[in-house]
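Chains A and B supply the protein sequences, listed in that same order. Sequential numbering of the first sequence, starting at 0, is according to numbering that gives the first Met the number 0. Sequential numbering of the second sequence, starting at 0, is according to numbering that gives the first Met the number 0.
Among the hints, erroneous ones may be present.
Pairs involving identical chains hold if they fit within one copy or between any two copies, as the list cannot separate such chains.
Unchecked claim - Distance condition first, Cα-Cα at most 20 angstroms in a straight line; then the derived EDC-like pairs of lysine to aspartate or glutamate:
(1) K394 - E137
(2) K107 - D6
(3) K107 - E12
(4) K93 - D378
(5) K93 - D380
(6) K13 - D186
Just so you know, these hints were derived from the structure itself, not from any lab.
2 protein chains.
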Amino acid sequence: MGKSDRDWKAKVEKLKAKVAKLRSRLEAAPAASAAKAKAAKPVSPLAPESFPALPSIAGAEFAAVEAGVKYQNRKDVMLVRLAPGTVIAGAFTKSTTRSACVRDCQAKLALKDTAGEGAAIIVNSGNSNAFTGKVGEEAMGAVTGAVAGALNLPVTRVFSSSTGVIGEPLPHEKITAKIPDLVARLDADAVEMAARAIMTTDTFPKGAAATVQGEGGAIHISGIAKGSGMIAPDMATMLVYIFTDAKIAQTSLQKMVSRHVGATFNSITVDSDTSTSDTLLVAATGQSPAAEVKGEVAKAFEAALKGVMLSLAQQVVRDGEGATKFVEVRVSGAASDEDAARAAFAIANSPLVKTAVAGEDPNWGRIVAAIGKSGAAADRDRLTIRFGDILVAEKGWRAPSYREEDGAAYMKQSDLIIAVDLGQGRAKRTVWTCDLTARYVAINADYRS
Amino acid sequence: MGKSDRDWKAKVEKLKAKVAKLRSRLEAAPAASAAKAKAAKPVSPLAPESFPALPSIAGAEFAAVEAGVKYQNRKDVMLVRLAPGTVIAGAFTKSTTRSACVRDCQAKLALKDTAGEGAAIIVNSGNSNAFTGKVGEEAMGAVTGAVAGALNLPVTRVFSSSTGVIGEPLPHEKITAKIPDLVARLDADAVEMAARAIMTTDTFPKGAAATVQGEGGAIHISGIAKGSGMIAPDMATMLVYIFTDAKIAQTSLQKMVSRHVGATFNSITVDSDTSTSDTLLVAATGQSPAAEVKGEVAKAFEAALKGVMLSLAQQVVRDGEGATKFVEVRVSGAASDEDAARAAFAIANSPLVKTAVAGEDPNWGRIVAAIGKSGAAADRDRLTIRFGDILVAEKGWRAPSYREEDGAAYMKQSDLIIAVDLGQGRAKRTVWTCDLTARYVAINADYRS
Chain A
0 MGKSDRDWKA
10 KVEKLKAKVA
20 KLRSRLEAAP
30 AASAAKAKAA
40 KPVSPLAPES
50 FPALPSIAGA
60 EFAAVEAGVK
70 YQNRKDVMLV
80 RLAPGTVIAG
90 AFTKSTTRSA
100 CVRDCQAKLA
110 LKDTAGEGAA
120 IIVNSGNSNA
130 FTGKVGEEAM
140 GAVTGAVAGA
150 LNLPVTRVFS
160 SSTGVIGEPL
170 PHEKITAKIP
180 DLVARLDADA
190 VEMAARAIMT
200 TDTFPKGAAA
210 TVQGEGGAIH
220 ISGIAKGSGM
230 IAPDMATMLV
240 YIFTDAKIAQ
250 TSLQKMVSRH
260 VGATFNSITV
270 DSDTSTSDTL
280 LVAATGQSPA
290 AEVKGEVAKA
300 FEAALKGVML
310 SLAQQVVRDG
320 EGATKFVEVR
330 VSGAASDEDA
340 ARAAFAIANS
350 PLVKTAVAGE
360 DPNWGRIVAA
370 IGKSGAAADR
380 DRLTIRFGDI
390 LVAEKGWRAP
400 SYREEDGAAY
410 MKQSDLIIAV
420 DLGQGRAKRT
430 VWTCDLTARY
440 VAINADYRS
Chain B
0 MGKSDRDWKA
10 KVEKLKAKVA
20 KLRSRLEAAP
30 AASAAKAKAA
40 KPVSPLAPES
50 FPALPSIAGA
60 EFAAVEAGVK
70 YQNRKDVMLV
80 RLAPGTVIAG
90 AFTKSTTRSA
100 CVRDCQAKLA
110 LKDTAGEGAA
120 IIVNSGNSNA
130 FTGKVGEEAM
140 GAVTGAVAGA
150 LNLPVTRVFS
160 SSTGVIGEPL
170 PHEKITAKIP
180 DLVARLDADA
190 VEMAARAIMT
200 TDTFPKGAAA
210 TVQGEGGAIH
220 ISGIAKGSGM
230 IAPDMATMLV
240 YIFTDAKIAQ
250 TSLQKMVSRH
260 VGATFNSITV
270 DSDTSTSDTL
280 LVAATGQSPA
290 AEVKGEVAKA
300 FEAALKGVML
310 SLAQQVVRDG
320 EGATKFVEVR
330 VSGAASDEDA
340 ARAAFAIANS
350 PLVKTAVAGE
360 DPNWGRIVAA
370 IGKSGAAADR
380 DRLTIRFGDI
390 LVAEKGWRAP
400 SYREEDGAAY
410 MKQSDLIIAV
420 DLGQGRAKRT
430 VWTCDLTARY
440 VAINADYRS
């Protein structure tokens with residue numbers, strides 16, 4: 000017995016309504032599940048268009064191989080050979096639980112300069128070898144020892160870094176087995192490949208370069224970095240290697256690095272979490288035809304070096320986990336340098352400021368609150384807050400000229416400036432951060448599972 | 000012309016298949032979109048089963064009304080009248096941009112004790128009257144002045160709080176218009192209604208009580224609080240009002256409050272953001288039949304008061320925005336009290352620790368990193384980390400007895416203990432926090448839009 004057309008029609012209409020309802024519910028659901036967003040690992044929307052052309056540095060050669068430390072089907076170990084005469088300066092995490100590699104680099108840099116013998120840097124991704132006790136120190140020793148043997152260097156001239164998961168033993172034999180292969184591949188032009196081999200949660204490789212006219216020839220600077228923030232101890236340690244052919248004394252180079260690390264790598268924050276492995280090494284091979292760096296050339300070289308450091312630092316923020324906005328926080332009018340830093344980092348680290356930026360909400364009240372909690376000397380009636388050029392608040396209240404629509408339109412940009420004047424003194428500090436998005440939570444809640 | 004039954008059947012089957020497909024896609028999508036989650040405003044999964052039965056306090060009467068400050072169709076202003084003889088103690092946010100109400104309460108508590116004349120507390124939700132310049136001070140003066148007039152009290156005995164959005168002028172005339180109505184409704188048993196009137200992003204009203212046997216009768220303590228953290232300057236300021244019929248000198252009461260505010264309200268953090276309006280007021284009416292609090296009774300009273308403070312503080316964390324886990328962080332073995340606090344808050348505020356907890360990931364490496372960045376004296380080889388009773392790490396590495404499955408099973412609980420011994424000294428600190436979820440981001444990115 001068949002149904003009537005009318006019955007069938009009713010049934011079909013009912014099902015069609017159900018389909019429509021389910022479709023609209025599906026549309027209302029968030030576009031991508033956390034897992035999906037993670038699997039896709041899209042390049043950060045704040046990434047530069049492409050990796051820059053880095054000049055090769057006479058006296059520096061690079062190689063990268065697949066050692067399978069943790070990742071499969073990608074290069075995860077890089078080696079740099081630096082010619083005799085190279086001097087090395089550095090800066091490191093201040094974490095009290097810093098890794099074996101960091102402690103080892105610090106100890107080697109404290110030795111008297113043995114530049115005559117050349118040097119090497121070996122770096123692996125996938126395992127940070129941090130908080131692995133004596134076993135970790137032995138693993139580090141095995142790797143640096145093998146590099147020293149293969150390149151005929153004293154082990155005190157072999158620097159190393161490891162980045163990746165904490166607390167797992169480093170499978171050092173996977174790395175040492177590849178050292179002959181690495182040595183065979185050393186190539187002055189392989190710097191981009193090296194930049195890729197040290198990536199972990201990074202969505203793009205980071206490079207920056209500069210050229211300075213020295214007396215008698217050009218001086219080149221090429222730097223690479225990895226990191227998705229200062230930030231994640233697991234997979235986003237910040238590692239930075241800068242190479243130059245400048246002829247410069249180690250002490251001069253170290254002074255320059257120390258002078259600028261504060262305004263560059265120590266002025267960025269993704270989530271206020273400091274890595275146990277953060278490492279910056281700057282190597283000068285001295286092979287430029289230019290004369291020794293001094294006088295006006297030293298000034299130009301130092302400015303160029305700072306520029307490379309700042310570019311790499313900002314690229315780390317632009318690759319901040321889940322970031323959709325790049326934010327420059329400028330604090331001026333502070334009573335002291337310490338107050339300026341406190342206020343700037345309080346704003347840059349405030350989850351409420353960072354979520355407001357993610358939501359494109361010009362919520363200046365949260366900036367006021369962040370300043371208030373910072374401990375910096377401040378007075379409600381002397382505060383001035385600007386979004387870019389837009390005066391938002393002054394004299395203890397919203398500025399009369401401020402219109403919420405202007406603030407809202409400004410927040411839609413991907414690069415933002417939050418400028419605060421405390422009206423207390425003349426100290427300043429600028430720091431860089433990114434927004435806090437649901438994707439940050441998804442990446443970090445799901446990381447090991 | 001009708002279709003054949005077969006045609007209809009085919010069509011129906013096709014639609015059914017579509018429905019099934021859409022259903023399974025919907026199931027795969029995240030449970031609730033941010034907007035939906037926000038609209039529903041479900042009660043925190045960490046909330047207590049119900050509001051506790053609070054004893055009425057002789058000499059304290061409560062009233063709440065709908066004034067429409069910002070919210071519609073809910074009570075948003077509460078008034079407390081306190082009988083002559085009431086003494087009041089307090090503790091407040093240390094923010095340098097604290098609100099007009101906070102400054103006013105602090106100034107009034109600093110005056111010589113005028114308990115003889117009674118007192119009042121008036122609180123509105125929906126607008127924090129913070130960062131509103133002179134206009135804000137005038138609004139606060141208008142409200143407290145009107146209450147003083149209506150209750151025949153000196154204005155120096157009228158305390159006020161405002162909680163809600165920053166930087167918007169407080170529509171004080173909406174509040175003052177309701178004062179006769181509030182006065183008419185004053186009722187010793189309306190404390191739960193008062194607890195509800197001060198809620199903002201709270202998902203449940205917060206109350207706690209205790210009774211102490213005094214000499215000659217019982218002494219009661221009833222407290223209410225609001226807050227979804229220490230945290231949000233906009234909508235989640237922490238306000239706490241505790242009432243007791245104890246006979247006690249103002250200076251003794253203030254000392255007790257000051258002694259315990261550190262281990263209670265100043266030991267909680269949802270997102271490290273401090274409000275501009277945080278206020279704790281403790282009022283003792285002296286109307287208990289019991290004799291003046293002293294000796295052993297004072298000890299019992301102080302312990303009970305601390306218990307009420309701790310319960311309310313923990314309820315604030317249990318209502319942390321987006322929270323799904325309640326986390327106790329215990330630090331012991333620190334070299335100093337300051338170090339203990341630094342390490343405890345570094346763990347409790349670490350976005351990486353908090354996202355790992357949200358993801359039920361026993362990621363102890365992030366705890367090591369948080370300790371490392373805290374600045375507290377620590378030594379990798381002397382650290383001990385436990386999840387509840389499970390020994391996770393010791394002597395610079397994962398404990399030999401630790402199995403990842405045990406850690407993973409532990410993290411599935413809703414109440415967690417992270418215990419760290421620094422092995423440096425004897426100082427301790429315990430703090431409470433919650434996890435950091437995508438819902439936290441959704442709530443705070445969308446708040447004003």
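Quick rundown of the hints versus the structure:
1. Taking the shortest alpha-carbon separations for K394 and E137, only the inter-copy value of 16 angstroms comes in at or below 20 angstroms, while the best intra-copy value is 60 angstroms.
2. In this homomeric assembly, K107 and D6 never come within 20 angstroms of each other (Cα to Cα): the closest approach is 83 angstroms inside a single copy and 77 angstroms across copies.
3. For the homomeric pair K107 and E12, neither the shortest alpha-carbon distance inside one copy (75 angstroms) nor that between copies (70 angstroms) is at most 20 angstroms.
4. Taking the closest pair of Cα atoms, K93 and D378 come within 20 angstroms of each other only across two copies (13 angstroms); inside a single copy the shortest separation is 32 angstroms, beyond that limit.
5. In this assembly of identical chains, the alpha carbons of K93 and D380 lie at most 20 angstroms apart only when taken from different copies (17 angstroms versus 37 angstroms within one copy).
6. Taking identical chains as interchangeable, the C-alpha atoms of K13 and D186 are never at most 20 angstroms apart, the minima being 64 angstroms within one chain and 55 angstroms between chains.
The structure is inconsistent with the numbered hints 2, 3 and 6, although it conforms to all the rest.
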